[in-house]
Every structure is written in C-alpha cells, then in structure tokens.
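Asker: Listed below are the residues making up each chain.
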Amino acid sequence: MTPTIRTLWEFQLRHALRSRWLLFYSAGLFLLTTLLFRFGGTAEQVVISLLNVILLLVPLISLLYGVLGMSQAREFLELMLAQPLHRHELFWGTFAGMVLPLMLAAPLSIGVPWIVLVRERWELFSTLAVGAMALTLMNTAFGVAFALWWEERLHAVGTAFALWFAQAVLYDSIALLLGLLLHEYPIERALLVLMVLNPIDLVRVATLLQLDAAALLGYTGALLRHFLGSLGGLLFCAVALVGWLLLPTALAVRSFLRKDF
Amino acid sequence: MIEFHNVAKRFGKIPVLHGISLTIEPGRAVAVLGPNASGKTTLLKCLLGLVRPDAGEIRVDGLSIAHSPDYRRRIGYMPQQPHFPENLRVVEVIELVKRVRGITTSVELPYIERFHLGTELQKPVRALSGGTRQKLSAVLALMIAPHILILDEPTAGLDPAATRAFKTELSQHRARGSTILLTTHVLSEVPELVDEVVFLLEGRLAFRESVAALMTSANSQHFDEALLYRLQQT
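Residue numbers (the working numbering), protein chains in the order written: chain A, 1 to 261; chain B, 1001 to 1234.
Certain hints may be false.
Claimed, not checked - With a Cα cut of at most 20 Å, we get these calculated SDA-like pairs of lysine to any residue:
#, chain 1, residue 1, chain 2, residue 2
1, B, K1098, A, L13
2, B, K1098, A, W92
3, A, K259, B, G1177
4, B, K1098, B, G1118
What the hints assert, rightly or not - DEER-style ranges, computed between Cβ atoms:
#, chain 1, residue 1, chain 2, residue 2, range
5, A, H155, B, L1201, 30 to 38 Å
6, A, L247, B, G1062, 38 to 46 Å
7, A, S49, B, I1014, 48 to 56 Å
8, B, Q1081, A, L182, 54 to 62 Å
9, B, Q1081, A, I187, 51 to 59 Å
10, B, S1171, A, L247, 35 to 43 Å
11, A, R74, B, N1006, 27 to 35 Å
12, A, M1, B, F1011, 41 to 49 Å
13, A, R74, B, E1025, 27 to 35 Å
Calculated from the structure, these hints are not laboratory results. We put the CB at the ideal spot given by N, CA and C, even for glycine.
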C-alpha cells in the first residue's frame, strides 16, 4: 500500500464512518439480531431468520451504497485526480475506505449480540459473517462500476435494482422452473453451474450446509450436498464466491482507470 | 510551457474537440472562451488528465502528460463546481490535499485568512454554502504556490469581497510568473485577469488574440463589445 493510498483510505474511512446511512444500517441489523436472539428460539433458528434478512438486505444496501457513494464522490474525485497521484491509487484508496466500514457493519452488528446472548456455534457465525462480508464487497463493487458506467445516477440505480432483483428473486424462479420443466433430463450438473451464477445462492447454501436444515437447502443446495457432501459443497461455494469477489472489483477498477471525468 | 498538439476528443458519437493545437508560454494568463458546449472545460480536463484525448498529445514543460502524474505537482486547479466529502471537516479536506502532495508546512494559513475561512475550519463540508465551498476550492488551488493555475469559472458563486481577494491573489501569482488558464462567462472580468483570449467554437480554435489587440481593433473600452466585433470578423 503506497502512502498516497493510505492517506486517501484514511480520509475516505473518516467520511464513511460519519455517514448516517452506515449508522442506520448497523443499528437496524443490531436491533434485529438482538430481538431475534431474545424471541426467535435457538441459535440455528435465529441463523435461518437472519440469513434470509442478510441475503435480501445486504446485496441491496451494498449496491445502492456503491452507486450513491461513487456518484456523490464524482466531483471530488475530479479534484483529487488533479493532484499528483495515479488513478489506481485514487481508486484503491477511495474504494477501500468506502467498502471497509460497510463490510464490517454486518459482522459487528450480528457479532455483538451473538457474543452477549449466544456464545456458541462460532462456525455458524463465521460463515454468516464471511458470507455477509463477501456479498457486501461484491455488490458495492458492482454499484461502483454502475456509477462509473452511467452518467445519469438514475440509470445506475436502475441497473443496481435490476441486478438485485435477478440475484434475489428471478434466479430462484428460473432454477425452480428449469427443475420442473426438465425433471426428466439429467440437468443436475447444469443446475450446479446455474448456482455458481448467483452469489446469494452460494452464501445461502454455504450457511445451510452447516445446519441440520435439509428442507431449506433448496434444489441446488440439495444437489450440491448429494454430489460433493457438506465439506466439498462448502469449498465449492467458497471458490465460486472468490470468483464473484474478483469479477465486479475488476470491472470497477477497469471502469475507473478508463473513465473520463 | 503548455503545448496541445492536434488534441481531439469525442464523447460517444459527439465530437467535442477537433484537433486543437495551442501553445501557452510560461507566465502567460489566457482565458479560454466560447459558447456552451464549445469544448472549454474538456480542453482543461484533458490538460489535467481527467479526460483522455482520443488523439494528439499534451506536453507540460516539454514532457508528455500521458506517462506520469508528477506534472500535476505544479498545477493548482479550481473546478467549476467544487464538491468535497460531505462528512469531512474543512480542515480535514485541506489536510488531505496537503498530505497527498507531501506538503508539511502551514502553507494554507495566509489563504485561510485572506478568504475569511478561519471560523469555518471545524465545520463539516455539508454545512458550507456554495460560496464558502468555492473559497475552500480557491485555498486548495492557491496554497501550493502553483506554476500553472487552471481555473474553471473561478469567481462563480464568490461574494464581491471574496472575488476581490481572489483577483488580488491571481495578480500576485501572475507577478510571480505563474501560467494561468481559465474559463469564465463573466466577460467583464477578462481584461483584468488575463493577457490573451483563446476562443473555441464547436470544438475548434476560432481565434487567439491578446486582450489589448482585441479592444484596439474594435476601438472599444468594453471587452464584450470587442469580442463580438472580433467574432463578426471570423
């Protein structure tokens, strides 16, 4: 990390940590987790409830955070690009400062009530925390890339909503439809490939593989456990998620380096 | 010395600059004028590296700007609409720019005093008016003692006292030999800010002439009349 990246990162971090968005998001997640642990039953039951919230909320919040954060920073980035620094330094300093607080928000908001009220099943907490952090990083990077692609903020927000809808809603419908229509054909491996295309499903399956909740695994998750077992399935999800972290980050970097401000 | 050699740029299908060639000697103060969408801001942004030209080359002091951002160490820039991270305090924005530039001395203090920003230093940027943001932008551009000043509508949003202070600063920088490149829509202030005018029309260099020559040939004391007269000759 160059001194310039460190400086930019530090100031972007100060800016992000004072954001009301981040405060409301963290407080909301903290309150929800606390309430679920108080009234939601066992750790496993709470994890299943929390998982559904995280899978829907984290990608949406991260996408919007990425789009709005980059759109609002555009003119300031202009000013910073007029300073003697390289574009890649400005990108990494700004992006790291922007994404790190949001990445830590979910593990901290869930972790504090977990430490106080649960104090066990750390493997579940770890998977949930890592999954939330991965979803945050990849979706924030997508949001940043959309904000750089589109001049109009509304277009970037629209693209972000479309991606969220595809991940969170459309994908399940397509997987289910394919399963129903083509159940007489050997489509299992094709469905596993389809699973790789959706990071939300990867996080969902990776978490549920550690629970005794086979009914909740869904079609793709059940197939994964059938073919690879729980540990193999977990590794499969982890490798696929790394790919999902690299892709949007690479897109965002490439867009930033080529952008006319 | 700033040199533009056949600089061309298009945004999508829309051509914005058509092979602009221009040399600005050290110590000159030049206004880049033209109607809206004539390519003024794009030309300045090309010089800063904010916009990548599709063709041509830009050199500063003989070195192409494409290879290293170091040439920007000598450039102070005031954008048209200054924006800063809303949650940072004014003092933090100044500190950020100083640290990125490796400045360790209190170079900003005289400018903070001149633009009466002392009481604003601890305020978050979101609490600042447009005019105060413009003053902060002026402090950031001037405090580095730049060899080249690039100013995009620098007095827009400044109150009369700040405008006066800014013009005084600019004349001091000119006296010290800084090169100044600015755009403005306030034609009346052109004669007191610059020596020369570069006029762009639809991304092409329409003419380049000294302010004195423009006013003499039009036989007018008013710069806007002189400019109109010159445009009719083009």
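Asker: Evaluate each hint against the coordinates.
Answerer: Hint check results:
no.	hint	result
1	B/K1098 - A/L13	holds (17 Å)
2	B/K1098 - A/W92	holds (19 Å)
3	A/K259 - B/G1177	violated (33 Å)
4	B/K1098 - B/G1118	holds (17 Å)
5	A/H155 - B/L1201: 30 to 38 Å	holds (31 Å)
6	A/L247 - B/G1062: 38 to 46 Å	holds (42 Å)
7	A/S49 - B/I1014: 48 to 56 Å	holds (52 Å)
8	B/Q1081 - A/L182: 54 to 62 Å	holds (55 Å)
9	B/Q1081 - A/I187: 51 to 59 Å	holds (55 Å)
10	B/S1171 - A/L247: 35 to 43 Å	violated (53 Å)
11	A/R74 - B/N1006: 27 to 35 Å	holds (29 Å)
12	A/M1 - B/F1011: 41 to 49 Å	violated (34 Å)
13	A/R74 - B/E1025: 27 to 35 Å	holds (33 Å)
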